[in-house]
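Student: Using the sequences provided together with the hints, build the complete structure.
Protein chains: 2
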Amino acid sequence: MRPLTVQKYGGTSVGSVERIAAVAERVAARAAKERMIVVVSAMAGETDRLLKLARALSPEPDPRECDVVAASGEQVTAALLSIALAERGVPAQSFLGHQVRISTDSAHGKARIQSIDGERISRALDEGRVAVVAGFQGVDERGSITTLGRGGSDTSAVAVAAAVKADSCEILTDVDGVYTTDPRVCPQARKLERISHDEMLELASLGSKVLQIRSVEFAKRYGVRVHVRSSFNDSEGTWVVPEESTMEDVLVTGIAHDKDQAKITIKGVPDRPGLAARIFGPIAAANIIVDVILQNTGEDGTTDVTFTVPRGELAAALRIVDEIRRDTGAKEVLSDSTIAKVSIVGLGMRSHAGVAASIFEALAREGINIQMISTSEIKVSVVIDEKYVELAVRALHAALVERGEGAHPS
Amino acid sequence: MRPLTVQKYGGTSVGSVERIAAVAERVAARAAKERMIVVVSAMAGETDRLLKLARALSPEPDPRECDVVAASGEQVTAALLSIALAERGVPAQSFLGHQVRISTDSAHGKARIQSIDGERISRALDEGRVAVVAGFQGVDERGSITTLGRGGSDTSAVAVAAAVKADSCEILTDVDGVYTTDPRVCPQARKLERISHDEMLELASLGSKVLQIRSVEFAKRYGVRVHVRSSFNDSEGTWVVPEESTMEDVLVTGIAHDKDQAKITIKGVPDRPGLAARIFGPIAAANIIVDVILQNTGEDGTTDVTFTVPRGELAAALRIVDEIRRDTGAKEVLSDSTIAKVSIVGLGMRSHAGVAASIFEALAREGINIQMISTSEIKVSVVIDEKYVELAVRALHAALVERGEGAHPS
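First to last, the sequence lines map onto chains A and B.
Each residue of the first sequence is one higher than the one before, counting from 1254 in the numbering used here.
Each residue of the second sequence is one higher than the one before, counting from 1254 in the numbering used here.
Worth double-checking, as some hints may not be accurate.
[To be verified] The calculated lysine to aspartate or glutamate pairs, modelled on EDC-like cross-linking and capped at a C-alpha distance of 20 Å, are:
id: 1; chain 1: A; residue 1: K1286; chain 2: A; residue 2: D1487
id: 2; chain 1: B; residue 1: K1640; chain 2: B; residue 2: D1557
id: 3; chain 1: A; residue 1: K1512; chain 2: A; residue 2: E1643
id: 4; chain 1: A; residue 1: K1305; chain 2: B; residue 2: D1435
id: 5; chain 1: B; residue 1: K1462; chain 2: B; residue 2: D1435
id: 6; chain 1: B; residue 1: K1305; chain 2: A; residue 2: E1340
id: 7; chain 1: A; residue 1: K1462; chain 2: A; residue 2: D1301
id: 8; chain 1: A; residue 1: K1632; chain 2: A; residue 2: D1502
id: 9; chain 1: A; residue 1: K1462; chain 2: A; residue 2: E1501
id: 10; chain 1: B; residue 1: K1520; chain 2: B; residue 2: D1435
id: 11; chain 1: B; residue 1: K1305; chain 2: A; residue 2: E1299
id: 12; chain 1: A; residue 1: K1305; chain 2: B; residue 2: E1271
id: 13; chain 1: B; residue 1: K1305; chain 2: A; residue 2: E1643
id: 14; chain 1: A; residue 1: K1305; chain 2: B; residue 2: E1340
id: 15; chain 1: A; residue 1: K1632; chain 2: A; residue 2: D1379
id: 16; chain 1: A; residue 1: K1632; chain 2: A; residue 2: E1501
id: 17; chain 1: A; residue 1: K1286; chain 2: A; residue 2: E1489
id: 18; chain 1: B; residue 1: K1444; chain 2: B; residue 2: E1655
I should point out that these hints are in silico values taken from the structure, not numbers from a laboratory.
Tutor: This is the structure we're talking about:
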């Protein structure tokens, strides 16, 4: 049987009728040899325009109804692309979330896909049609329209690919793949041919520019091979794939950085059981995402707790922390919003010692002080002064990616 | 139980967020005392904008996909109105065609409603919500989105009213009711308080400005009382209702005119069985709607056939008729595109003789020659020279409507 391919085109790629026609040309060429499912986003700017109408009517518009408004954007694109394909002699049929059917929970605006029925799409494919699926949307058990959150069309594509057991899932976007690091910071950055799902998840801040992180979780769970590539040319992009045995040979796959960080330190907190819950409970309740956490126990029965939050949440977090300080009798609260986080990711770390040491050495050579360190199985993150972040990325890239290429660790 | 009302707002009434907010105010006031279902059209201009995108991609866009594109317009309005109602403390829930569910045949772009399941709407009403229904759309048995044709939201409203057994169905529009004739032609025209479904159907050209004719068929079949009124004030409009016994007391209810007519005469056709089918078969096949037909059998075994078609179709019709002339050996074909049709409608005609005579007298007094006459049980239509149409309408209105007011026929 001919191979079965899922392609996903983002809002920029379908941002005008001219671009939709260009996508149709591209899909038509592939449809001659492959069975094709195409997942589309709303035309660029359309979702914002629609939600602006909703907010003009209510400062906090009803989430269920916002989803009905927003989902219309992908609905229009799916039908328009089907029309453009038919015009080129390629039979096509649009599918909305409830028609597929893509079942989600009822968390409007950020719903999670629970299951996909691939039956109707498969039937359309068997009839020789291209199936054009409206991304970003699903339907809950009550039959209400739901949406999957920004970038949700990526997840739609991966989930559909899993449901119909597609041979591959292509995410067509305005970049040509996943890079070892941000090329704007480090000119030596190079496009990765392959990266494992786990590495992609850890490189969230690199990856989220090209792929919604939830779609990678989905791809990992169902073993979907995702091909991130440019919608403007036919070059190979980056394959995000299940882990392969040779992948551990590469120590460091990518380096991500994140300047959107601020640091809070609570000094001299009386160290009692339940202290962490006392601090991080109220912060979580305020929907503030805490990233790196560090706790040092001192000798006088007190402890220092340091953690990072998104920079825009610093003020809100400080208000909560100040209350905690009063309640616990902590000595003082310090904060710093001029920090950045650099994350070094690679499957090879799992089996090879010495990667962390190489990281610290590379930073020390440049005189960069490490303020915090956090490690996971395949990632080392360091928090440093914001002004050194580009220097750190370049130094780490040179020491661990460029040098590591081809050369296997001892 | 509180009365159950269906209201339908057209595209102009929901043409901007400000107007949607005004509709929400109006609905909210009613919802305090009544159970409300609101059917909405797309924001004015939106359907045209969407279909223009479709036509930019294909001169004859796939009808199924056009419906997916077009239906998004009502989808957005329904959700926006629900948001505006919630903002005013009135719980509301939007319903799309497939959610209601409004089942139709598969004639995309002009689908006919086959059945409506009022269950989900009733449940929302029982929960104290306003149900906001996207007009114009339904779903066929395959689950594809269908649309009901221009003005289809009127039919949606009447059909929903029938399904839930609403106490009344209000069509809110930019005119304040149905008039005895076109007020631009005849200043004496007055708003009707009541009109029967049958009369409304016969006054299509008067009525279609305020009410899609198919919605009247629906209202007649299910006995729905339709209240056509202004969306800009609270004045009573015109009730379109099942026939009441006193209605026959009024000889003439309304006078419609239609200038979009042209006349074709085929002279000297050899008169054989099946002639009418031979002529009107090919014309119907070309989707040209023939209105008045007149046939006079001569004495030499030939006959003259005269009929009217929409003016824009005259050229196409003449091409077909010319072929028929050659095939049948008819003598000649004449045509005239400067004619108009005036229709005089009233339930009273059914039981009272002499109405036709009064019509002919009124026209004769003004020296207006009648070219064709066609009658039904409650309507007399005359075809006259276009230049006399305003004069004819005023003369007939004076003779049959103004004089008839209050005065019962002998």
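Student: Is K1632(A) within 20 Å of D1502(A), Cα to Cα?
Tutor: 15 Å, holds
Student: Checking one constraint from the list: CA of K1286(A) to CA of D1487(A), max 20 Å. Satisfied?
Tutor: The hint holds at about 16 Å.
Student: Between K1444(B) and E1655(B), is the straight-line Cα distance small enough, at 20 Å or below?
Tutor: 12 Å, holds
Student: Are the Cα atoms of K1462(A) and E1501(A) separated by 20 Å or less?
Tutor: Cα-Cα ~25 Å, so violated.
Student: Is the hinted pair K1462(A) and D1301(A) satisfied, with a Cα-Cα distance of at most 20 Å?
Tutor: Roughly 18 Å between the alpha carbons, so the hint for K1462(A) and D1301(A) holds.
Student: Measure nothing beyond the straight line between the CA atoms of K1512(A) and E1643(A); if it is 20 Å or shorter, mark the hint as holding.
Tutor: Between K1512(A) and E1643(A) the Cα gap is close to 10 Å, so the pair holds against 20 Å.
Student: Is K1632(A) within 20 Å of D1379(A), Cα to Cα?
Tutor: 44 Å, violated
Student: If you draw a straight line from the CA of K1286(A) to the CA of E1489(A), is it 20 Å or shorter?
Tutor: Roughly 18 Å separates the two Cα atoms, so the pair holds.
Student: Is K1305(A) close enough to D1435(B), meaning Cα to Cα at most 20 Å?
Tutor: 41 Å, violated
Student: When you check the alpha-carbon spacing of K1632(A) and E1501(A), does it fall within 20 Å?
Tutor: Distance of about 13 Å is within 20 Å: holds.
Student: For the pair we were handed, K1305(A) and E1340(B), check the Cα-Cα distance against 20 Å.
Tutor: 15 Å, holds
Student: Against the 20 Å threshold, does the CA-CA distance of K1640(B) and D1557(B) hold or violate the hint?
Tutor: 25 Å, violated
This entry does not satisfy hints 2, 4, 9, 10, 13 and 15, going by the numbered hints stated previously.
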